[in-house]
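Let the sequences and hints guide you as you build the complete structure.
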Amino acid sequence: MTADLATAPLLEVAGLHVWFELPGGRELHAVQDVALTLEAGQRVGLVGESGSGKTTTALTIMGLLPSSAAAAGRVAVRGEDLMPGLENGFRSHRWTDIAMVFQGAMNAFNPVRTVGWQIAEPMIAHGTATGSAAKARVAELLELVGIPAAAATRYPHEFSGGMRQRAAIAMALACEPKILLADEPTTALDVMVQAQILDLLTRLCGDLGLALLLVTHDLGVVAQTCDDVAVMYAGEIVERGRIDALFHDAEHPYTRALFAATPDLYGDEPVASIPGSPPDLARPVVGCAYRPRCPLAFAPCVDVRPVLAPVSATTATPPGTQPLTEPLTEPSTEPARHLVACHAASSARAT
Amino acid sequence: MTELLVVEDLHTTYSSRRTMTDRLARRPLEQVRAVDGVSLHVAKGEMLALVGESGCGKTTTLQSILRMVPTAGGVVLINGTDVTALSARQMRPLRRHVQMIYQDPYESLDVRFRVRQTVEEPLLVHGIGATKAERLELVRAAMVRAELIPPESYLERYPHQLSGGQRQRVAIAASLVLEPELLLADEPVSMLDVSVRAGVLSLLDRLRRGGTMGIVMITHDLSTAAHFADRIAVMYLGRIVEEGPAHDVIHHPQHPYTQALLSIVPRPDPRERSRGTILTGETPNPRNLPSGCRFHPRCPVATDVCRVTDPALAPPRHAQGPVVDGHVCACLLA
Numbered sequence: 072m073t074a075d076l077a078t079a080p081l082l083e084v085a086g087l088h089v090w091f092e093l094p095g096g097r098e099l100h101a102v103q104d105v106a107l108t109l110e111a112g113q114r115v116g117l118v119g120e121s122g123s124g125k126t127t128t129a130l131t132i133m134g135l136l137p138s139s140a141a142a143a144g145r146v147a148v149r150g151e152d153l154m155p156g157l158e159n160g161f162r163s164h165r166w167t168d169i170a171m172v173f174q175g176a177m178n179a180f181n182p183v184r185t186v187g188w189q190i191a192e193p194m195i196a197h198g199t200a201t202g203s204a205a206k207a208r209v210a211e212l213l214e215l216v217g218i219p220a221a222a223a224t225r226y227p228h229e230f231s232g233g234m235r236q237r238a239a240i241a242m243a244l245a246c247e248p249k250i251l252l253a254d255e256p257t258t259a260l261d262v263m264v265q266a267q268i269l270d271l272l273t274r275l276c277g278d279l280g281l282a283l284l285l286v287t288h289d290l291g292v293v294a295q296t297c298d299d300v301a302v303m304y305a306g307e308i309v310e311r312g313r314i315d316a317l318f319h320d321a322e323h324p325y326t327r328a329l330f331a332a333t334p335d336l337y338g339d340e341p342v343a344s345i346p347g348s349p350p351d352l353a354r355p356v357v358g359c360a361y362r363p364r365c366p367l368a369f370a371p372c373v374d375v376r377p378v379l380a381p382v383s384a385t386t387a388t389p390p391g392t393q394p395l396t397e398p399l400t401e402p403s404t405e406p407a408r409h410l411v412a413c414h415a416a417s418s419a420r421a422t
Numbered sequence: 015m016t017e018l019l020v021v022e023d024l025h026t027t028y029s030s031r032r033t034m035t036d037r038l039a040r041r042p043l044e045q046v047r048a049v050d051g052v053s054l055h056v057a058k059g060e061m062l063a064l065v066g067e068s069g070c071g072k073t074t075t076l077q078s079i080l081r082m083v084p085t086a087g088g089v090v091l092i093n094g095t096d097v098t099a100l101s102a103r104q105m106r107p108l109r110r111h112v113q114m115i116y117q118d119p120y121e122s123l124d125v126r127f128r129v130r131q132t133v134e135e136p137l138l139v140h141g142i143g144a145t146k147a148e149r150l151e152l153v154r155a156a157m158v159r160a161e162l163i164p165p166e167s168y169l170e171r172y173p174h175q176l177s178g179g180q181r182q183r184v185a186i187a188a189s190l191v192l193e194p195e196l197l198l199a200d201e202p203v204s205m206l207d208v209s210v211r212a213g214v215l216s217l218l219d220r221l222r223r224g225g226t227m228g229i230v231m232i233t234h235d236l237s238t239a240a241h242f243a244d245r246i247a248v249m250y251l252g253r254i255v256e257e258g259p260a261h262d263v264i265h266h267p268q269h270p271y272t273q274a275l276l277s278i279v280p281r282p283d284p285r286e287r288s289r290g291t292i293l294t295g296e297t298p299n300p301r302n303l304p305s306g307c308r309f310h311p312r313c314p315v316a317t318d319v320c321r322v323t324d325p326a327l328a329p330p331r332h333a334q335g336p337v338v339d340g341h342v343c344a345c346l347l348a
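These protein sequence lines map, in sequence, to chains A and B.
For our numbering, add 71 to where a residue sits in the first sequence, where the first one is 1.
For our numbering, add 14 to where a residue sits in the second sequence, where the first one is 1.
These are computed hints drawn from the structure, not numbers from a lab.
Don't take every hint at face value.
Partner residues are not named here, just some residues of chain B that face chain A (Cβ under 7 angstroms, in silico) [unchecked claim]: (1) 205; (2) 207; (3) 208; (4) 212; (5) 213; (6) 281; (7) 283; (8) 287; (9) 296.
Cβ-Cβ distance ranges computed for the label pairs, FRET-style [as the list claims (entries may be wrong)]: (10) B:167 / A:198: 55 to 65 angstroms; (11) B:177 / A:198: 20 to 30 angstroms; (12) B:204 / A:138: 25 to 35 angstroms; (13) B:331 / A:179: 18 to 28 angstroms; (14) B:170 / A:138: 28 to 38 angstroms; (15) A:259 / B:288: 56 to 66 angstroms.
Idealized CB from N, CA, C, for every residue including glycine.
Given below as structure tokens:
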């Protein structure tokens, strides 16, 4: 089994389902059959509208689902599946292997404790460092995220929003995790501070070999930060691939609509909203969940749920493309990196 | 074009709260210059975007125009009437012509009001429409203009039965019902999902292109400003540091602050991935404004003279690229 563990991806999520029990015996399927992998140094974006299951997916990977939720599937770190042990399985990996920067984390600091104390807390709780060792590590972490070490004795209210977000990242890194989940880490921040934080996250992935899962609704943020992207809609991943492949050759009509709804600074194309709204996940979704909003919907979309399938290799490198200004991580040897769940896309390829 | 709104040299100051110790020590009242000499103008049919980081005075500028906060100096002309000189009573009929749309439609709507009540309330406040039937007609018309079609399917709903985009349209309908000439929109889409943002922005775009209305929109998103505004005014620490036609400000920015802001806009095209000019730190506290040019502590090109001389908004003398009429910038080096 050791050989298996060595080749196993750093984080593997497969067949993940999460559902909530609603009053009246109904179930809300928040995440359905989600699969993704993360390797050291890789930066993956998880994008979608609110309610698409992005945050629920991240919380499941952290083992932090509320008690009203049930989950099935596989969440494995270096080949070790954490799901069977549930709370016990996750506890030994939370913060030490997988850490998370929560949405609005900068507002979640305890106002009556110093920032340094709060960054040291996970180390003490997990026994990775105590006393003066913890203090030294706090100083090191603060410097790492660009805050003077002396600020450890200050209280959260003495920090600006951007500094608190940096401190939240420092806290997540306290126990030297391999995987960092960041849920909308820049949403409440100013544009310049957003740029600073994204720059910091990118640098940390390179310097520490961290794997980053960036949950966001902002395609611009993903395009500037991530190598790969997974687009979620109604609890499912509908398209997955390298960011440049998705930007230039998105196969799923929803991905294309999301790009069309995102204004580009120097773009001339009109910005278009996506008509309609996502389906109510408390009702069973038959066929393709995007069908009611899709301009390409045809007969099979009504009752056959599309599954993620590889996009044929011929469309992978379109003619006339220029090299990227900044090289992405080394090309993977996996055969199919661009996957899409759409009947229209697969039928277009067949013809 | 006749100017609908003219703001000249507007100043708004807040005095910071003094603690008991401050009072006992007889420390002077600290003045925070939130808006420090802002001038702008909007004509009917025009959209002006006010951009800048939080705390730069964008919202205070809008609130000062509406007299929601007292102004400390300057002139605000709405259709030629100086509103800074008016009493609250005299201001009231004018308010009908100037309406505000807020950032968060989850908070700006009364959760216990049906859509019909929310849109009808401004009519009751201003005593418009003699009968209920007459008011309902106006409510319907406003809802159609806000593209809540057909109005019947929304009239009796509560906010919780509406999506974010629909809520913001209800807030817009409640402003439109008074047939305002000037719409002040404070980050109207930043709380909405990406998929519906374009719809609300296009609605505002169509409303002002109708020609009877001017819009001032606050946004932190330069891409949105580039797509929807005629002109862009960039604010920094209570001042406008650059203003001009949207296309020119985006393509030929003159002020180093505008240049930095533009360089870090996250573009959806991964091939445009670039290391922009990331300014360190955050906007300084307006309580102690830097000497000279207020941007100099963060400016990548500041020289000695910038620490001493406060630049005025003027056409650039050493323009980078073509500069059209009406493109002004407050930088000693531009």
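Evaluated hints:
Hint on residue 205 of chain B is violated. Least Cβ distance to chain A is approximately 10 angstroms, over the 7 angstroms limit. Look at residue 207 of chain B: its Cβ gets to within about 5 angstroms of chain A, closer than 7 angstroms, so that hint holds up. Below 7 angstroms, beta-carbon pairs count as interface contacts, and residue 208 of chain B has one with chain A at about 5 angstroms; its hint therefore holds. For residue 212 of chain B, the suggested interface contact is upheld, since its CB lies about 4 angstroms from the closest CB of chain A, less than 7 angstroms.
Look at residue 213 of chain B: its Cβ gets to within about 4 angstroms of chain A, closer than 7 angstroms, so that hint holds up. A cut of 7 angstroms between beta carbons decides the hint on residue 281 of chain B: the least distance to chain A is about 6 angstroms, and the hint holds. The interface hint given for residue 283 of chain B is met, as the beta carbon of that residue sits about 6 angstroms from the closest beta carbon of chain A, less than 7 angstroms. The interface hint given for residue 287 of chain B holds, since its Cβ lies 5 angstroms from the closest Cβ of chain A, which is under the 7 angstroms cut-off.
A distance limit of 7 angstroms between C-beta atoms decides the matter here; for residue 296 of chain B the minimum to chain A is near 5 angstroms, and the interface restraint holds. At about 59 angstroms, the beta-carbon gap between residue 167 of chain B and residue 198 of chain A stays in the expected band of 55 to 65 angstroms. In this structure the supplied range 20 to 30 angstroms is violated for residue 177 of chain B paired with residue 198 of chain A, their Cβ-Cβ distance being about 47 angstroms. Residue 204 of chain B and residue 138 of chain A have their C-beta atoms about 33 angstroms apart, which keeps the hinted 25 to 35 angstroms range intact.
At roughly 49 angstroms, the beta carbons of residue 331 of chain B and residue 179 of chain A sit outside the given window of 18 to 28 angstroms. Between residue 170 of chain B and residue 138 of chain A, the C-beta spacing of about 37 angstroms keeps the proposed range 28 to 38 angstroms intact. The hinted window of 56 to 66 angstroms between residue 259 of chain A and residue 288 of chain B is violated, with their beta carbons roughly 25 angstroms apart.
Hints 1, 11, 13 and 15, counting from the list given before, are not met by this structure.
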